[in-house]
Amino acid sequence: ATPRYKCSMVRIPMARPGVVYSMRKIRVVHNTPTADEIYEFAHQLFKKVQLSSECSIVCLIYVEKLMEVAKVPLVAETWRPI
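Counting the sequence shown from 1 gives a position; the working numbering is that position plus 77.
The set of hints was computed from the structure by calculation and includes no laboratory data. Honestly, I wouldn't trust all of these hints.
The following label-pair restraints were derived from C-beta to C-beta distances [said to hold, decoys possible]:
1) Val105 with Val135: 27 to 37 Å
2) Cys84 with His107: 22 to 32 Å
3) Ala112 with Pro90: 56 to 66 Å
Remember, it's a predicted structure, so these values are computed and weren't measured experimentally. For each residue, glycine too, the CB sits at the ideal point set by N, CA and C.
Throw the hints in and build the complete structure from the sequences for me.
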């Protein structure tokens with residue numbers, strides 16, 4: 078995942094105009110989803126996009142292939158984007 082940063086800027090009146098800024102990395106905590114959360118996410122996705130139940134089988138095949146060939150782990154950070 079692409080890291081995210083928070084930038085803070087402060088204008089400091091001096092002889093010459095200047096700005097001081099700081100950047101800090103935002104830590105994102107991902108919780109391991111429950112089976113119900115995964116089911117509800119997939120159910121809503123398939124319902125909104127109007128996909129057939131057969132598409133879920135094809136999706137499962139592609140996810141397994143992605144995990145096997147590309148070595149993409151299915152963990153808390155990656156399950157939604159996959």
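Against the structure, the hints:
For Val105 paired with Val135, a C-beta distance near 30 Å keeps the hint of 27 to 37 Å intact. Between Cys84 and His107 the beta carbon distance is about 23 Å. The supplied range of 22 to 32 Å therefore holds. Remark: the range hint 56 to 66 Å for Ala112 to Pro90 is upheld by a beta-carbon distance near 58 Å.
When the structure is compared with the earlier hints, no violation turns up for any of them.
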